[in-house]
Amino acid sequence: MFRLVAGRMLSSIGTLLFVGLALFLLTRSGPGSPARIVLGADATQQQIAQFEESHGLDRPVLVQYGSWLADVVLRGDFGKSFVTGRDVAVEISASLPVTLSIVLLAFLIALVFGLAIGIAAALNPGGVFDRLARLGAVVGLSIPAFWLGIILIRFIAVDLRLLPPGGYAPLSAGLMVHVQTILMPAVSLAVYYIAVLARMTQASLQEALRGDYVRTARAMGLPSWKVVAYALVNALPPVINLAALSFGYMFGWALIIEQVFNVPGLSRALLNAISQRDFLLLQGIVFLFTVIFVLANLIADLVNRTLDPRQRSTA
Amino acid sequence: MDHIQTDRRRLLAGGAAGALASFLPASLLHAQPNDGKTLTIVLPSNPITIDPINQLNHDAMVLGQTVFENLVEYDVDGVLRPQLAKASPTISADKKTYVFELRDDVTFQNGKKMTAEDVKYSFDYLLDPGNKAARRSLFTRITKVTVLAPDKVQFDLSEPYGPWLYFLTKYMGIFPAGSRKEHGDDYFKSRPAGVGTGFGIFEEWKPNDYISFKKNPNYWQKGLPHWDRLVVKMIPEDATRVAYLLTNQVDIISAPPPREFNRLKTMPGVTGGSRPTLGGALLMYTNTLKPPLDDVNFRKAISCAIDRKTIGEKVYYGLLEPSAVPAPSRGWWYNAEADKELGFNLDRAKEFLAKSKYPNGAELDISIQAEPYLLDTKDAAIFVQAQLAKIGVKVNLKVYEFSVLIQQAIRGEHQMALQVFMSPGEPSYIIQVCLTPDQVLSKSTGYNNPEMNALLAAAFAETEQEKLKDIYGKIQTLAARDAPLGVLGYVHASNLWRDTVKDFKVNQGLTMFVGETKV
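Chains as they are written, first to last, in the numbering used here: chain A, 54 to 368; chain B, -6 to 512.
Please keep in mind that the hints were generated in silico from the structure rather than gathered at the bench.
A quick note: this is a predicted structure, and the numbers were derived from the prediction, not measured.
List time: in silico DSS-like cross-link candidates among lysine-lysine, alpha-carbon distance up to 25 Å:
{"no.": "1", "chain 1": "A", "residue 1": "Lys133", "chain 2": "B", "residue 2": "Lys125"}
{"no.": "2", "chain 1": "B", "residue 1": "Lys137", "chain 2": "B", "residue 2": "Lys88"}
{"no.": "3", "chain 1": "B", "residue 1": "Lys302", "chain 2": "B", "residue 2": "Lys258"}
{"no.": "4", "chain 1": "B", "residue 1": "Lys145", "chain 2": "B", "residue 2": "Lys113"}
{"no.": "5", "chain 1": "B", "residue 1": "Lys79", "chain 2": "B", "residue 2": "Lys137"}
{"no.": "6", "chain 1": "B", "residue 1": "Lys307", "chain 2": "B", "residue 2": "Lys383"}
{"no.": "7", "chain 1": "A", "residue 1": "Lys133", "chain 2": "B", "residue 2": "Lys182"}
{"no.": "8", "chain 1": "B", "residue 1": "Lys125", "chain 2": "B", "residue 2": "Lys182"}
{"no.": "9", "chain 1": "B", "residue 1": "Lys199", "chain 2": "A", "residue 2": "Lys133"}
{"no.": "10", "chain 1": "A", "residue 1": "Lys133", "chain 2": "B", "residue 2": "Lys174"}
With the hints as constraints, model all of the structure from the sequences given.
Shown next as structure tokens:
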């Protein structure tokens, strides 16, 4: 186990270094200077040059990268936002809990409903529930999250007045108020992944139920629920891998959802950083997304290892 | 049994109702800081700063104008009136010296009395190049600020330059002597508590969410403001901004979606208002140094081929006031004859094209902005493309982000660029910035005409409106003769607000003014 974790950590460091460099090259190669955004259309070339000099933007890109990397590794310093002047770490720590709460709730919803629908459909092949699940999956995969968000705002918030149209209340404001503000964004985010996970669970479980060991177990007279439980353990690894990937992707989709629901989260901070050419904040957030993605995959590997003895013996 | 089933159903229904009850509207209020005497207004974008000397966004100027004030104010109707000064300044005969007498009842939010020393300190700070104020360039003609008495201050200018008074409201503010050194620039940028004389005291900035202010209890205009707390929320998404208003989560929104504006303002509980700005122009930067725009007749052909009235009425639903010259049709300096010269007339367009170096038409790139600002210029660009095709001009539309497009215009790398340009709303700003040399957007047109420069200098030295009208009329005639800058019209400022809001007026200068608003 230790060797697996250590090996994955090492390869993850390589991934992070590569992502950091790619980010640097991409952000610096695009047109548009942060100075123009911060100082405005009326700024003179002299003011632009002063800004770039004081923020180190006039140095070669690789020198900037080296300096940034040294600050991050040696001092844990991600720099200061060009636009607000605040520490990038402070900016991120203010908005991370917001995004995390939405993504976690969305993930929970996707996992619970995705698995439940997938299992139910797999156990009743060709039945009404199977057909409904298939139809639901097609609809879930086809509905863009931002459109669903707008529709929910229209009917749930504006017409029925059941939930607020947007915004965010932290957990400290009370559990119910907190859930009220993140429920619609989380549902909008989860619907696509419910469909994806349900389809994968259904296909994987149906495949497992066709296995010889299932036939043998049934022939030996094992209770039906026990047979399904055995099959489910074997069907889960691809679902877990997909769920881990989905968790990472949800941070990306949250970009749109937070905009629609006016949620002051990480993704909205990222969008602002892109439009305002706030390179250091942009790097910090994308770097964090990469870390989350890598960690999610690592956790998926570890869970799969626990479920599948064959993986333990090959590791 | 039936009885039991019914009870079970009731029980389930009761449970569901109980669960839903926790989601009822009353609980929505917890999520939003909107109660009692709190006025909540909404901006369509995220502000970068509150500091007026570095403010770029006209919507976000409401933040600075809540905290800071100026000697004179350019008000919501476009009228210049005294604010921290007792009256309009006394101006010397050579128009180079301005003397202001200050009000003696003004205190800063930190309790300190405002004096001429504070005014001098504020301007000295703005004008010091070392402080890198983004708006310094507008005031560099001020060579010296002198304290004549505790309540009297004198400004000396290097040359006559009347417009500087009009720029104060948007780009300047008075702060206490020594405050910049004491607190630092970041303080003015993100938490300027106590350093202004305005009706609101900075309270909190929650990034990407809202900025709040509390009532200044010692405000010199007694009885104002009428609210206890002002919350300025940032909601970039149009549909969400509207949903907040319709669900009573906020009181006033800016930049309502043009397509929906007329419908929304008639909805129950909602009021809407709109008026043309005096300084928000939909401009076409025509690069006169690049073919085919290097030919005056070609430029005139383009101008005359565009039906501005239809763009205003059909494309922008009445939220664009047509004008072909750099003056709004409701401005006192507007020259209708000059406008007619460049206005829509397809026959004249064809005549001008025939007289140009490109009688058979030409191909042209128009740069347009990706992100809508006040209006979505892409809508007008498509219409312009179709209209110019009628005279044989093929238009290629190229979409760029704001920061890229403005760089193109500043460097003169474009052929033609379409953009909403927001200015303070007085007559000289757009002319000076786009049509005279050594200005930020001089290369956007590449135009340099001594006749234009002389007329503008004469306008700077004049203070009487009748004489100014004559001078600006001549400037527009010249602009109609040379067609160095394409103008499609002047945008409307518009707002939607709840019926519970009273005494709110749409500002011709776009920025919401909420000092006198009741909720």
